[in-house]
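Those sequence lines, one after another, are chains A, B, C, D, E, F, G and H. First residue of the first sequence? That's 103 in my numbering, and the numbers climb one at a time after it. First residue of the second sequence? That's 103 in my numbering, and the numbers climb one at a time after it. First residue of the third sequence? That's 103 in my numbering, and the numbers climb one at a time after it. First residue of the fourth sequence? That's 103 in my numbering, and the numbers climb one at a time after it. First residue of the fifth sequence? That's 103 in my numbering, and the numbers climb one at a time after it. First residue of the sixth sequence? That's 103 in my numbering, and the numbers climb one at a time after it. First residue of the seventh sequence? That's 103 in my numbering, and the numbers climb one at a time after it. First residue of the eighth sequence? That's 103 in my numbering, and the numbers climb one at a time after it.
Errors might be hidden in some of the hints.
27 Å max Cα-Cα, derived DSSO-like pairs, lysine-lysine [said to hold, decoys possible]:
| # | chain 1 | residue 1 | chain 2 | residue 2 |
| --- | --- | --- | --- | --- |
| 1 | F | K168 | H | K168 |
| 2 | D | K168 | C | K168 |
| 3 | A | K168 | B | K168 |
| 4 | G | K168 | E | K168 |
What the hints contain is simulated information worked out from the structure, not anything from laboratory work. On a predicted model such as this, the values are computed, not experimentally measured, just so you know.
8 protein chains.
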Amino acid sequence: MNNKRILTTAAVGALSLGTIVGLSLAQPSFAEQGTSARATAPQAAAPAAVRALPQMPFLPLRLAEKAATTALADCLRQGFPVTATVVNEDGITIVVLRGDGASAASTDASKGKAVASAGFRSPSDALGARAAADPGLLQVPGFVILGGGLPISSGGKVVAAIGVGGAPSGAIDKTCAQAGINAITPSL
Amino acid sequence: MNNKRILTTAAVGALSLGTIVGLSLAQPSFAEQGTSARATAPQAAAPAAVRALPQMPFLPLRLAEKAATTALADCLRQGFPVTATVVNEDGITIVVLRGDGASAASTDASKGKAVASAGFRSPSDALGARAAADPGLLQVPGFVILGGGLPISSGGKVVAAIGVGGAPSGAIDKTCAQAGINAITPSL
Amino acid sequence: MNNKRILTTAAVGALSLGTIVGLSLAQPSFAEQGTSARATAPQAAAPAAVRALPQMPFLPLRLAEKAATTALADCLRQGFPVTATVVNEDGITIVVLRGDGASAASTDASKGKAVASAGFRSPSDALGARAAADPGLLQVPGFVILGGGLPISSGGKVVAAIGVGGAPSGAIDKTCAQAGINAITPSL
Amino acid sequence: MNNKRILTTAAVGALSLGTIVGLSLAQPSFAEQGTSARATAPQAAAPAAVRALPQMPFLPLRLAEKAATTALADCLRQGFPVTATVVNEDGITIVVLRGDGASAASTDASKGKAVASAGFRSPSDALGARAAADPGLLQVPGFVILGGGLPISSGGKVVAAIGVGGAPSGAIDKTCAQAGINAITPSL
Amino acid sequence: MNNKRILTTAAVGALSLGTIVGLSLAQPSFAEQGTSARATAPQAAAPAAVRALPQMPFLPLRLAEKAATTALADCLRQGFPVTATVVNEDGITIVVLRGDGASAASTDASKGKAVASAGFRSPSDALGARAAADPGLLQVPGFVILGGGLPISSGGKVVAAIGVGGAPSGAIDKTCAQAGINAITPSL
Amino acid sequence: MNNKRILTTAAVGALSLGTIVGLSLAQPSFAEQGTSARATAPQAAAPAAVRALPQMPFLPLRLAEKAATTALADCLRQGFPVTATVVNEDGITIVVLRGDGASAASTDASKGKAVASAGFRSPSDALGARAAADPGLLQVPGFVILGGGLPISSGGKVVAAIGVGGAPSGAIDKTCAQAGINAITPSL
Amino acid sequence: MNNKRILTTAAVGALSLGTIVGLSLAQPSFAEQGTSARATAPQAAAPAAVRALPQMPFLPLRLAEKAATTALADCLRQGFPVTATVVNEDGITIVVLRGDGASAASTDASKGKAVASAGFRSPSDALGARAAADPGLLQVPGFVILGGGLPISSGGKVVAAIGVGGAPSGAIDKTCAQAGINAITPSL
Amino acid sequence: MNNKRILTTAAVGALSLGTIVGLSLAQPSFAEQGTSARATAPQAAAPAAVRALPQMPFLPLRLAEKAATTALADCLRQGFPVTATVVNEDGITIVVLRGDGASAASTDASKGKAVASAGFRSPSDALGARAAADPGLLQVPGFVILGGGLPISSGGKVVAAIGVGGAPSGAIDKTCAQAGINAITPSL
């Protein structure tokens, strides 16, 4: 029984359970419209080949949006309109939600906090606390090491990060970010 | 009867019409936590002073998210995972939703299309068609003049813009963007 | 009958139509010249639709220019040529005035101070004082947290910000910025 | 009668004629507040030494603002809110005025047009027309070679440039820019 | 037999077959050195939780380096020192190899070609051919749509991309890139 | 005797003394080759019109190159290959000379030091010493507040700045920069 | 007779002429394919002329890749997936190897550490330790002064630099970087 | 006779030919001032170790400055003040000389032309001519493919490049650049 067969079985099980693996990986073949790029098509053909490569978990939009929505609502409940941003493991944006009344800079800050959290697998305020000893943390492109960014982990691995910006302090931003993560923890 | 009182009355009317102006404008007084920055507080105190300034309509997060969600679903129904971005009149992000399987570049492209549409009050593909005669359109910072960006207007004025990226062609991206706008047209 | 009363009357007319949008919101329909984009046209057609969206106050050019001119004059009276920049709530430039003899860097600095003040709803020097504890403030794109930036508020809400750069110290820059705001306070 | 004395006389004459040369060159000694940096002080001490260097004309803020204000009014009279930017010979901003309702992108575009006009001593639309043969014009940092930018010359030399953005076409932007220059031509 | 168990079995099988899946996902918990961040530790604890999220295939360093090395050698055999870059699905660099004598710009170009190929799931020269009709392709951040970039697919899905730069023409660069992909095709 | 006539006389005197004022202001009319842009032509026509505008001194290339060459030689005599950069009052480069063996980063650093010195009319190390109290100095675009940058003044006004980078300490860089200024002081 | 022997012979010829330019310096004549740009051609013609210019040593890809591979393996042995980057004396990338599981930010950080080490001929952590006194080190473009970057020297001269990022601390990153250098020390 | 000995001999030969390798490679040990970083010291110790690495020719400052000075003078003789920039093989600046009256943009353009010429081993205008077929040439970072840039070759290899900007046409800029190269050809 080779590795491919085991993985094939696993994938089939995953699909029968209604996960969105199949769909989420469907990618349009941008320049070659002749070859069908429709999301439904690749599911049948893909399994065998895909399995030859290692896999990594990712946070689907559905969960990322839920975390961001919850974080936003949590801060609004405290009276603070904020922006919540969720990025993937590479620091690429999955979701941005800017609450009405949150500043443009809150958008930049929430992104930078999320990028820092994903990039160094660490809460952004912990990085801020380290900056006195390690000022080079201020130089990593895209980082904003203010409180309010938290990595999102699954199985002990960072798969994404959330950043919140716009509340009167980074400590408050962080509580909202944590609320966002809590909302999706059962799915992680 | 002075100017302030007239304006106060107008604002009350606006509020009685169920707008969410009060909440949406609540801004945290970032550096001065002593003065309450809570969203619920300014509503009572604000009316008189705010009214001395002219006002402009803005697209609230609720509608921006509805447009983006609809655009994403419309493309997914056609088999294409995409990213949908909504920016405000200044080109500042309100919402980003990246569908599972949409590339990182689709995020950049959807943003650039929205920024171009808001910036020049024009569908982004119309700008693309003009580029042969006006190559300088390629130089405006933040613009991506591929099809898929559309301004969002209310009362004949551009208040925001949506950009969609990731489908096999800009023409398809544009139909999804239009679907997003259609979903919120009754509220515009 | 003074200017204020005239404007009040105009505003009342606008308000009775549900907006005080007036001229300032007229936007050229960039790519579609066939449909008249003239500022005078939309006023009749817009009212009903615009009202469906929430509104936010904005600082018109007339007031922004008055604040910048006053700030510049105030610093020049003290012997210091400076640059004064006013940005809107999103950090987008409304006015820049660079005094003769003010350096190019004073232009960058005045912009960055204004952007920081609008972005975090805070005087820029207050942000500077916080940087020892929150070094991530140095990473927010576009910020310059030197003294001389002040948010411009109306009704308890930040609607814009002014930044002044070029005097021998940020403290002096700040007094000029404050003078600029004072000059328009009756209109806020 | 040596060069120094001739120039000294000229400077005195200039001052007695009320020009703002003396003031405009006063620069605050930023870091050394002990040595007076006040604009009034250098006037007495400067003449002899300054004269050892060659001189170049520059457009004072007063004229730059007049050109920008006129350009803005000219476009508004046609029904189009725009942004007008004036830069110096080095492409550094002297004045920005963004009309109410002009987009954020109009600010970027007006700046880029002015920078291109100053940088290549040419109307920006002439550069645009050349781009088919010289596509590298699209790569010069800061340039936007759309119509609406014009160099401002004095004595056959380019001393500054104006850029206008936001009207439905670059041709209209250009007429407003020209109106701005016309308003200050007697002083050039 | 639920989904979790199937996947656990698969993972165990994968490990016993010497794949590097387990290791590759090990991430150091950057800021919390107390909690062991060693790659060997998470393997035991992770399985159950990781499986709750969907998975996506990724190109491991081993294969990316093989593709880059082969591409470089293929071009060198033709007499051309080049740079080969492999990026992941998000356009993030996995491998860069700059041949002795390849220019610094070949490094930038190879990266941009790979980013474009991953971003639009298309050979970079196909995008270049489309630019006359779609000039906005020149504006997507990070793209270089010269020949020499190719997406790397597995199971019909783009998982990475390779870009080669430095040969006398993009067509030659492309043949080397294809040689690189051919070398790893059995593993895709 | 009006201002114009005095200045005309002065200009003539300047030319007869061999200064390069006339030549240095000659600007090619880039896009209109029909109208002669030759440096010799404008000299006759310019005087009257140029005089309507205020003038500012500038550091001609001849002096800027002398300062840079001297600074370079001074550091090399001490055993350190460095880069010397001279910028004008706006921070625009006039001269760069990178000594053999000086690093690429020394070029960036020397430029940043010069830009900071011109921008804030201050030695760059004085700005560095202020950064603990004013961390926002780290955010001004283009600044590098390490020792080695010095403003170049004439008649109490900053007309340019020099930056040196590459010696083992900023203090040494500064002595070389000072040597460069000393070499041209008689001409300032 | 294989390719290696041919090249060896050519190299010997080159060496006997006093250079080892050989293959590594062969550069394609990008735009002029007519003139053969093949690496084997220049070897015969080059020697005499090349010698008129001074020469500098450079780190060939073979050694750079060996250093990076060793550094990566050293960190992986300790349980930490990292990115290793080697840049040349100018800070231009020669090799990047991102271990499976290393974050995107580790790639940016490893590059920045290498660039800082090459740029200031210093371990990056030594620069970090100096930043309290010399905060301007945070402003040099491209630098990341966290531990993990080391210059690579030959004959007392810096010829390249290596940077490692992704381990839980910069100190660990540095040990891996040192291991990488140790592996090639016999060839330096 | 091993490789090291051959190389040692070659280097000795190079030194006996009076090259300035020793001096030009002297690099300050930036962070460790205790170990002498003086240029004179490494000469004795370096030979043996340096020779283990391959070598590449570089254009010393003396020649780069001569080329730039000649190019500048050649354009000035035709009546056009320009900027001349020389970069090394990696596109890093060696010399910039901006003639009095040349615009700030001419500095950017001359740099971009030189970078393009070094990067693609081609005259910049040849690249411009190719852009219609290969529009991606407009995307390579730092390139300006206008006429006026030329690679500088020695022994059939590109070792540097010169770019000239500011004359009324790229064709004129190119003649000046060629004049600059001609002046140093005997030394190449």
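For each hint, the structure was consulted:
{"no.": "1", "hint": "K168(F) x K168(H)", "verdict": "holds (14 Å)"}
{"no.": "2", "hint": "K168(D) x K168(C)", "verdict": "holds (14 Å)"}
{"no.": "3", "hint": "K168(A) x K168(B)", "verdict": "holds (14 Å)"}
{"no.": "4", "hint": "K168(G) x K168(E)", "verdict": "holds (14 Å)"}
In the structure shown, no violation is registered for any of the earlier numbered hints.
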